Amino acid sequence: GERFLGDYVSDKRSDVVIATKYTCNTTAMQEDTRLNPNLGGNHRKSLVENLNESLKRLNMSYVDILYVHVYEFRTPIEEIMRSLDDAVRSGKVLYVAASNFPSWALARANTFAELRGWSSFIGLQTRYSLLDRSLEFDLQPACAELDVGIIPWGAVAEGFLTGKHTRESAANLKSEHRSHKVADHSKVEKNWKILDEVITVSKETGRTPVQVAMNWVQQKPGITSPLIGARTVTQLEENLKSLEFKLTPEQVKRLDEASKPAEIPFPNSFVSNYDRFIGKNIEVPRKFEAISTSCNFGRINL
Numbered sequence: 001g002e003r004f005l006g007d008y009v010s011d012k013r014s015d016v017v018i019a020t021k022y023t024c025n026t027t028a029m030q031e032d033t034r035l036n037p038n039l040g041g042n043h044r045k046s047l048v049e050n051l052n053e054s055l056k057r058l059n060m061s062y063v064d065i066l067y068v069h070v071y072e073f074r075t076p077i078e079e080i081m082r083s084l085d086d087a088v089r090s091g092k093v094l095y096v097a098a099s100n101f102p103s104w105a106l107a108r109a110n111t112f113a114e115l116r117g118w119s120s121f122i123g124l125q126t127r128y129s130l131l132d133r134s135l136e137f138d139l140q141p142a143c144a145e146l147d148v149g150i151i152p153w154g155a156v157a158e159g160f161l162t163g164k165h166t167r168e169s170a171a172n173l174k175s176e177h178r179s180h181k182v183a184d185h186s187k188v189e190k191n192w193k194i195l196d197e198v199i200t201v202s203k204e205t206g207r208t209p210v211q212v213a214m215n216w217v218q219q220k221p222g223i224t225s226p227l228i229g230a231r232t233v234t235q236l237e238e239n240l241k242s243l244e245f246k247l248t249p250e251q252v253k254r255l256d257e258a259s260k261p262a263e264i265p266f267p268n269s270f271v272s273n274y275d276r277f278i279g280k281n282i283e284v285p286r287k288f289e290a291i292s293t294s295c296n297f298g299r300i301n302l
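Every letter in the sequence shown is one number past the one before it in UniProt numbering, and letter 5, counting from 1, is 5.
It should be emphasised that the hints constitute simulated quantities derived from the structure, not laboratory data.
Hints are supplied without guarantee of correctness; some may be wrong.
Beta-carbon label-pair distances, calculated as ranges [to be verified]:
hint	residue 1	residue 2	range
1	I300	E31	51 to 57 angstroms
2	G279	T111	25 to 31 angstroms
3	E283	R3	49 to 55 angstroms
4	R167	K203	17 to 23 angstroms
5	R167	G1	32 to 38 angstroms
6	E78	W153	26 to 32 angstroms
Bear in mind that the values here come from a model prediction, so they are computed numbers and not experimental data.
Every residue gets a Cβ at the ideal spot worked out from N, C-alpha and C, and that includes glycine.
Take these sequences, add in the hints, and give me the full structure.
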């Protein structure tokens, strides 16, 4: 994939933003390959070797963004951030970002970087869709405070929100990863109600369910650009057309209601008491508008 991409953009390098990741261990994912424990992880050796191999495959001297693919709970955060900063100072990486990080690790990482003059994470890739809105409780406010852009993946829930699956067809899907996830989504009755609302809105707008689901994500606070997983030119074009329109506030509200999480985790579930404990209508910083609105406390100075 990186070789193909490198060839494709070789004559237009300055026109594009190229990102890659490190952390996953390819030898751990291949059955007939001897495990090399040093090849994966967040540590410095993994970063250096994987970055160098990516640059060779891309036939480039630098990448614009290097992502830490997952936080694996083994490497000290200080080592991660210092190693990333060294990569930036070497000129091989321009910016660094995180993927699939817990909010506390993201906050600790950027605080270390800020205090020590290292490169901070500028972006966070994380799961977010109408079927999974857990981002809103902790990660989104953390990104707002840290000025980190959110790049969500899974916006169409592995294809469930395309509308092409029925209850019967979803139950008969093969065991391949994406199909397995769609089968899991299909077992939750609420997900079908969410899909019904997506389809209703798609008919109102003359757009496809994919475009509606992606447009909803794009309108949420802190979102910079959803990741797309198109396999064909037709799918790519369909995804890009989600930029051509904007759902109305009323349509967004209906989708919000249909997909409203059944439970709000603590301490967010306690936030709705703040007006009573701290005082009504006390102004909340604009960057925390999403949590102020969802938990119904304070006021935002518009």
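Now for the hints, and whether the structure bears them out:
no.	hint	in the structure
1	I300 - E31: 51 to 57 angstroms	53 angstroms, holds
2	G279 - T111: 25 to 31 angstroms	29 angstroms, holds
3	E283 - R3: 49 to 55 angstroms	53 angstroms, holds
4	R167 - K203: 17 to 23 angstroms	20 angstroms, holds
5	R167 - G1: 32 to 38 angstroms	34 angstroms, holds
6	E78 - W153: 26 to 32 angstroms	27 angstroms, holds
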